[in-house]
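Using the sequences and the accompanying hints, generate a full structural model.
As a plain string of letters, each chain reads:
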Amino acid sequence: MSDWVYMGEGLRVTYGRRTVLRVDELTVRAGNLLGIVGPSGAGKSTLLRVLALLEPPTEGVLYFGGSSEPVRWPPPLDVRRRVTMVFQRPLLLSDSVFRNVAYGLRARGSDNVRPRVEQALEMVGLAHMAHAAAHTLSGGELQRVALARALVLEPDVLLLDEPTANLDPYNVSVIEEALKRLRHHNHTTIVLVTHNVFQARRLADRVMFLLDGECVEAADAETFFESPKDPRTRAFVRGEMVY
Amino acid sequence: MLWGSPQRRRGHPKRIEALHGLGGESKRRRCAINEIWEGIKQAALLLWHLDPEVMHIVAVSLRVSGTALLLSAAIGIPLGAWLGFSRFVGRRLVVALLYTGMGLPPVVVGLFVYLLLSQSGPLGSLNAAWIPRLFTVGAMVVAQVIISFPLVAGFTMAAVKGVDPSLRQQLISLGATEWQATLAVLREARFGVIVSVIAGFGSIISEVGAVMLVGGNIEGSTRVLTTAIVLETRRGNFSLAIALALILLSLSFLSNILMLRLQGKTA
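Chains as they are written, first to last, in the numbering used here: chain A, 1 to 243; chain B, 1 to 267.
If you're looking for bench data, these hints aren't it; they were derived computationally from the structure.
Every value quoted in this text rests on a predicted model; they were computed, and no experiment measured them.
Be aware that one or more of the hints could be misleading.
What the hints assert, rightly or not - Cβ-to-Cβ under 8 Å is the rule here; a few derived chain B residues that face chain A:
(1) D164
(2) S166
(3) Q169
(4) Q170
(5) I172
(6) S173
(7) L174
(8) A176
(9) T177
(10) T182
(11) A184
(12) E188
To be verified - Restraint ranges, calculated between C-beta atoms of paired labels, are given here:
(13) A:D95 to B:S250: 30 to 38 Å
(14) B:R87 to A:E214: 27 to 35 Å
(15) B:Q263 to A:A165: 28 to 36 Å
(16) B:G162 to A:P169: 31 to 39 Å
(17) B:V107 to A:A165: 54 to 62 Å
(18) A:T58 to B:G162: 25 to 33 Å
(19) B:S221 to A:D95: 44 to 52 Å
(20) A:Q119 to B:S250: 48 to 56 Å
(21) A:A165 to B:G162: 24 to 32 Å
(22) B:R234 to A:A133: 50 to 58 Å
Beta carbons are placed, not taken as given, at the ideal position from N, Cα and C, and that holds for glycine.
Laid out in structure tokens, this is it:
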């Protein structure tokens, strides 16, 4: 596998007359954790849907997985299955936790579903809730099940859209620990969208700052937080930005 | 045999007289209550003795409406799901046509199918083996499918639209194929999908206009519960008509219980 997972050039996403995303250059290196930060409505989720290969960019080209050919739309199933996304507002099937986590494996016709699901639930601290009905879960548990159903697939790329928004510190730490273990054991490439600067600082190798759909700055985490070039990034990092 | 007795064919002259005579309001009411009571007793007797003619009528009713319902579900559920998921130019027009179809008067459908299948009609004149002939069970099935499939499709569409569209996207991001995601969403919408089938069944098991026109109410062939009720009421055999009505209601009730079981715990 080459050293990058995504390369984008001149990416634009337009809804009607409104351009919601303008990213001229994008590189996500393999095994890295890219944090995408920015205020609400900055285009973070839109960028994530493009990277999840769920939505084509209106303009520009996107390369994936080291291929010299740009991504075709709709992307082939085997390409699409290398990426998994955890949504900001996860929706589960009205079924047991176990069956929800097993869904992606069963869709692929995989073997050894049970031990793999149990291991994924273990990672998010929910092994004891395998047989609980999805509708009985709390917000934190639901978010952890959503992470487990993505982890179980062992994707090359894991995309996370505000996975810890509105969660208590315990649930936040469980999810962050799971992400750290995933990186160290599986070398999974992770793109994490968050509006929490501190979380990005704790987890990310590289950080991208989006504002009004535009990429203001992208740099290694240390540079981004210690010596940001753009005054808007500086204001955001220091919590001085009013939006 | 209860069904064919001369007394039944002639009706109950005394009771009819009482209904239309000078007995006064209370007497008429008493007579009507008697008829209902007689009907209940007779329904029990007909079922207890497994009256062959009644059993035949019940079998034809179930065969016609059951086949029509299966065909309606086979057309209506995929059509409803497709309309629920897709966006295309002219979708609103298709939906408006579907909603119109949901309110089609059965007798109008009967007339339409009658004209299509009659000897001089556009389909009947083809004399092809696959085209059902008028006054056969096949013709009745065709009419009932036209009545019920828009209901199945319309309610299925509403049920599918009621499921958060993000669920489908989330399942696809978990690696589901379009087809797998569609099935999962339909499963989530199963409460509404079963209601669509129940509504479709209710519309055809109870309709009389279309089956009367295209089936002809032929004894031992195309006579179903609803057309038999019309016939017996016209003959003045109110007790028998009520007995058949009770059988029809029980059948409808039992079928709905069966379908509610399919809904599972969500019901």
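Do the hints match the structure? See the list:
{"no.": "1", "hint": "D164", "result": "6 Å, holds"}
{"no.": "2", "hint": "S166", "result": "6 Å, holds"}
{"no.": "3", "hint": "Q169", "result": "6 Å, holds"}
{"no.": "4", "hint": "Q170", "result": "5 Å, holds"}
{"no.": "5", "hint": "I172", "result": "7 Å, holds"}
{"no.": "6", "hint": "S173", "result": "4 Å, holds"}
{"no.": "7", "hint": "L174", "result": "4 Å, holds"}
{"no.": "8", "hint": "A176", "result": "4 Å, holds"}
{"no.": "9", "hint": "T177", "result": "6 Å, holds"}
{"no.": "10", "hint": "T182", "result": "12 Å, violated"}
{"no.": "11", "hint": "A184", "result": "6 Å, holds"}
{"no.": "12", "hint": "E188", "result": "6 Å, holds"}
{"no.": "13", "hint": "A:D95 to B:S250: 30 to 38 Å", "result": "35 Å, holds"}
{"no.": "14", "hint": "B:R87 to A:E214: 27 to 35 Å", "result": "29 Å, holds"}
{"no.": "15", "hint": "B:Q263 to A:A165: 28 to 36 Å", "result": "35 Å, holds"}
{"no.": "16", "hint": "B:G162 to A:P169: 31 to 39 Å", "result": "36 Å, holds"}
{"no.": "17", "hint": "B:V107 to A:A165: 54 to 62 Å", "result": "58 Å, holds"}
{"no.": "18", "hint": "A:T58 to B:G162: 25 to 33 Å", "result": "30 Å, holds"}
{"no.": "19", "hint": "B:S221 to A:D95: 44 to 52 Å", "result": "48 Å, holds"}
{"no.": "20", "hint": "A:Q119 to B:S250: 48 to 56 Å", "result": "53 Å, holds"}
{"no.": "21", "hint": "A:A165 to B:G162: 24 to 32 Å", "result": "26 Å, holds"}
{"no.": "22", "hint": "B:R234 to A:A133: 50 to 58 Å", "result": "55 Å, holds"}
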